[in-house]
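Peer 1: Make one complex out of these two single chains by using the hints.
The listed protein sequences correspond, in order, to chains A and B.
Under this note's numbering, read the first sequence as residues 1 to 255, first letter to last.
Under this note's numbering, read the second sequence as residues 1 to 316, first letter to last.
Incorrect hints may appear among the rest.
[Unchecked claim] If you want the footprint, here are the derived chain A segments under chain B, 3+ residues with CB under 8 Å:
#: 1; region: 92 to 102
#: 2; region: 217 to 225
#: 3; region: 234 to 246
[What the hints assert, rightly or not] Now the in silico label distances, taken between C-beta atoms and shown as ranges:
#: 4; chain 1: A; residue 1: P174; chain 2: B; residue 2: Q211; range: 28 to 36 Å
#: 5; chain 1: A; residue 1: K118; chain 2: B; residue 2: R58; range: 35 to 43 Å
#: 6; chain 1: A; residue 1: D170; chain 2: B; residue 2: Q20; range: 48 to 56 Å
[Unchecked claim] From the structure, some residues in chain A lie toward chain B, with a derived Cβ separation under 10 Å:
#: 7; residue: G107
#: 8; residue: E110
#: 9; residue: S111
#: 10; residue: D115
#: 11; residue: T117
#: 12; residue: K118
#: 13; residue: I121
#: 14; residue: T122
#: 15; residue: E123
#: 16; residue: L137
#: 17; residue: G204
#: 18; residue: V210
#: 19; residue: Q213
#: 20; residue: L228
#: 21; residue: T229
#: 22; residue: E230
These aren't lab readings, by the way, just hints derived from the structure by calculation.
All of these numbers come straight from a predicted model, not from anything done at the bench.
The beta-carbon is built from N, C-alpha and C at its ideal position, and this holds for glycine as well.
What follows is each chain in one-letter form.
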Amino acid sequence: MSALKKDYIYNLILKGERSDGRAFDEFRDIELRTNVIEKAEGSAWLKLGKTEVLVGVKLQVGKPFPDSADQGVIITSLELNPIASPDFEAGPPRENAIEMARVADRGIRESGAIDLTKLCITEGEEVWMVFIDVHVLNNYGNIQDAASLGAIAALMTATIPAEREGKGEDSPLPIRDMPLAVTLVNIGGSMLVDPGLDEEAVCGTRITIVSNQDGSISGMQKSGDGALTEEQLLSAVEMACKKASQIREANLLNI
Amino acid sequence: MSDKPEKFIDENGLRLDGRQVDEMRPMKMELGVISRADGSCYLEWGKNKVMAAVYGPRELHPRRMQKADSVLIRYRYNMAAFSVEDRIRPGPNRRSIEISKVSREAFEPVVLTHLYPGAVIDVFAEVLQADAGTRTAAINAASMALADAGIPMKGLVAACAVGKVDGQLVLDLNKAEDNFGDADFPMTFTQDGEVSLVQMDGNFTQEEFKQAVEMCKEGCQKILGMQQEALRNKFAGELSTDEVDVELIEEDVVEAESDDVDEGAAEPEEVDEDVEESQDDVEDDSMIKADEPEFEEDEPEDEPESEEDEPEEETA
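Next up, chain B with everything else stripped away, as it sits in the complex (with noise of 0.2 Å):
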């Protein structure tokens, strides 16, 4: 690990990665990658890799874990062994699981459980290469899957995180910024500008904190912008035809995405161009592990000890 550095925004107010303090790391999203699942994202997030699939509704075993008015919603935040520099060991940890838990209540709000009743939806979010914002980067990509899958939901669900290096708040962070940073602090916003996941840890003062939440809450907007653009480009073509469709997307379009609505419409390759290339080292790899839900039992066998809980930003 490397050490921390002495300054984290230079003197012309750059970051390390040479972004501004309110930028975020370049992020391109692709849809339908796993010809298997119902639905299914693949985003990168500057260094981040991530891969998310939807399944279902589907029948719900073993039948005493169904809800009777209501979907029940599983979520499951992976990483790969050798997404981190130090090999992790493969399956659940502690980690994990708390990230799966608040990550699915992120879409609990938003997705319309009642419709369902007695079934599942299982989104499994696996994190190929990790550079800091994993849980981020798996919502937003989880987000996508779901609309993917065309799960009813009220709105799509944006991700990201800001943070504090020398006294100044900054957008997205990247590993340094997140390992030797004074704040890490992760939301979501639906599209209805609700809050949907809140974590935080290091120190703000409260005012910061407001601040921290209207740049997160612009970031997201960007993010929303992204998602929604990407889904016009898989989708445009049986939107157009369907006026009433566009109209309802349009709708909660932010300001600054709100003219692409048509231009998407007509030029549905726009995005994929960039997106095309990283789809076949992707698909090359074994991504089919995320075909095999492995959620019968829903703890771990072997629980690592409480020591395995400190070091949190190793893996982070």
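Pulled out of the complex, with its shape left as it was, chain A reads as follows (with noise of 0.2 Å):
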């Protein structure tokens, strides 16, 4: 990016004003389609503004770690894929790819939103696995939030398939929770919620919270070069939580 445009989208954010006139605690449009991919046994299609990606969640029948006889695997993929943008190359994923894949599947085992003990068919020999796969599409900004809540959408679809594997009646995956994350960045002082593609481009510090329905925190990662104050860390968890209630209520409540 130039540093022309840097430097327009940072002296407007002293001012007080987002590049595409949005508040500072404002999110792009969600829109939500569930159940688009038949193949998977849950699956979301999530645009946040012009960001797109697709999560699918297929369960396998698979041995439980020995450390956790009794209960289900979660895995959590999320690639940046060439397809989603002219930044992002083929190849072993880097450093940028991985963090954001651990975050998200940090997201989703911490907070418990799925009930593992209930995915244990035979203690210590047949669990179910859960993978999870995020597909960024298109990427305009604030994948990691697209990914959050396009996954917990994927699996509030998803059914075990137990008559598919002989292991007696489907039934929905037990959720627990809606964990989501919410996204800010640090530019000039200021704290903006949802990040789009400039501002990432722009900010020096991004926070990623994740916070559950009671308002509890299940997972928060600091991206960047730059550091944050007290005083911002505490306003953007409380913002977080605000946000991700908003998000919960308006888009997956009713699925």
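Peer 2: Okay, structure coming up:
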């Protein structure tokens, strides 16, 4: 991005405006469609402004980890495919992609959104393995939040394919919570939610906060070469919880 | 792997290892332990043993990686194969790549990067023995190694973690608390009181989160005091002749440690004593590894598949 454009965006923010006219605490429009892939056990197509991700959930019978013999397994992967942006290259994931995938993974795992004990078929032998694959289709910024919302929506529509595997009757995936990631960036001392592509390029610091239905926090990650003051951190957390509950209400409760 | 303990905090309010909830494990550090490096630090924190070395600023190859207006900082967090209960495959994995990234970003706000355009500063952090909290231990060591190398910085960086067990916040998690606790929240504070690394997983209420930030901050201030003392012990001789420098350091000293400035200068041996014995067993080992920066390729060729990603606790 050109220095001129960076300057423009930065100076606009100092004046209290964003280049796309949004308020600092305003998300882009969210459009969510679920069950878009019949072959997947659950799926969601999510548009956040012009950013688009497709999340598919597949379930398979597998062996549990030895240290959690009575629990199912969640494996989340997220790749920045070259289809989504001229900046993404094929090949092994870079640190950015790895970080994003791991933050998405922890968001779902640590919130306890999926009741893993209900995914146990025979203790120590067979459990359901839940594969959450995030396919980034179009990058206009804030893939992290799009992936998070898409993933939980896809999980909420997922069915355990027990009949197919000869393990009894099909049932919905046991979902206990709806964790949502909200990302804020620090530009010129102001905190902005849902950064667009330009804003991501300008900001020094990005912070992603995963919060749950009861307002508790189950994940957090600061990223980028800047720092935050304590006040910025605390206010970011407060804002993220508020935004998450609004998004949850508008998009997830009717699934 | 041991099973989850029934209780993490006993009726006297003490943790499994006998600590108070807001008490850190003992920490000791020693500077200048790798003579080939421009700066280095060996740090023990409880059973964690980490070694950090800094090379640079030095010329960066390939040239296309050079940044025209600033120095490039590279940070490599690496765990020795033997550092944990079950041997881990040597080399970078997804976990270590992520930790390296966020750790580097913890230092980028404090290093005066504009002073060495086109150059690189390499920070290598080797975890020799891991016992919960290795990323914070590595950052504390790296912060010292950078100072030891004379890299111009706005200030030091100190790191520690707060977690939650039995519904109670605890400072500086031990292994059991890390594996089976309800939250892990590592953070770094810069000397200016800014936050340059935040990660969290588990579950905090918003109120707990605020308390956790305060606890972390106090922990980091204590660590900062120890870091400053160790630096003073090494450089006291040079500083005492130069009043200006002493004042600069004094300015940011945390309250708890502030009276020690002069004493430290007078008795430079103080801290070294307990660290010395540890140096011997370490130097005999093949610590030389850190000499060879292996950063030509920024990606591991055989990237572990996502399954490897799952059991984080096992290597954490």
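Peer 1: Have a go at the A:D115 hint: is there a Cβ in chain B nearer than 10 Å to its own Cβ?
Peer 2: 15 Å, violated
Peer 1: Per the CB criterion, is A:L137 less than 10 Å away from chain B?
Peer 2: The hint is violated - A:L137 has no Cβ within 10 Å of chain B, the shortest such distance being about 20 Å.
Peer 1: Min Cβ distance, A:L228 to chain B: is it shorter than 10 Å?
Peer 2: 5 Å, holds
Peer 1: Kindly confirm whether 48 to 56 Å is satisfied by the beta carbon distance between A:D170 and B:Q20.
Peer 2: 51 Å, holds
Peer 1: Take the shortest C-beta to C-beta distance between A:G107 and chain B; is it under 10 Å?
Peer 2: 8 Å, holds
Peer 1: Closer than 8 Å, Cβ to Cβ, for at least three residues: run that test on the region 234 to 246 of chain A against chain B and report holds or violated.
Peer 2: holds (count 4)
Peer 1: May I ask you to test the interface hint for A:Q213 with respect to chain B, counting a Cβ-Cβ separation under 10 Å as satisfied?
Peer 2: 12 Å, violated
Peer 1: Close enough to count: is the Cβ of A:T229 nearer than 10 Å to one in chain B?
Peer 2: At about 6 Å, which falls below the 10 Å cut-off, the nearest Cβ of chain B leaves the hint on A:T229 intact, so it holds.
Peer 1: With a cut-off of 10 Å, does the beta carbon of A:I121 approach a beta carbon of chain B closely enough for the hint to hold?
Peer 2: 18 Å, violated
Peer 1: Hint validation: A:G204 versus chain B, beta carbon distance must be below 10 Å. Holds or violated?
Peer 2: With Cβ-Cβ at 8 Å, under 10 Å, it holds.
Peer 1: Per the CB criterion, is A:V210 less than 10 Å away from chain B?
Peer 2: For A:V210, the interface hint holds, since the closest Cβ of chain B sits about 9 Å away, which is under 10 Å.
Peer 1: With a cut-off of 10 Å on the beta carbons, see whether A:T117 makes it to chain B.
Peer 2: For A:T117, the interface hint is violated, since the closest Cβ of chain B sits about 14 Å away, which is over 10 Å.
When each numbered hint is compared with the structure, violations occur for hints 5, 10, 11, 12, 13, 14, 15, 16, 19.
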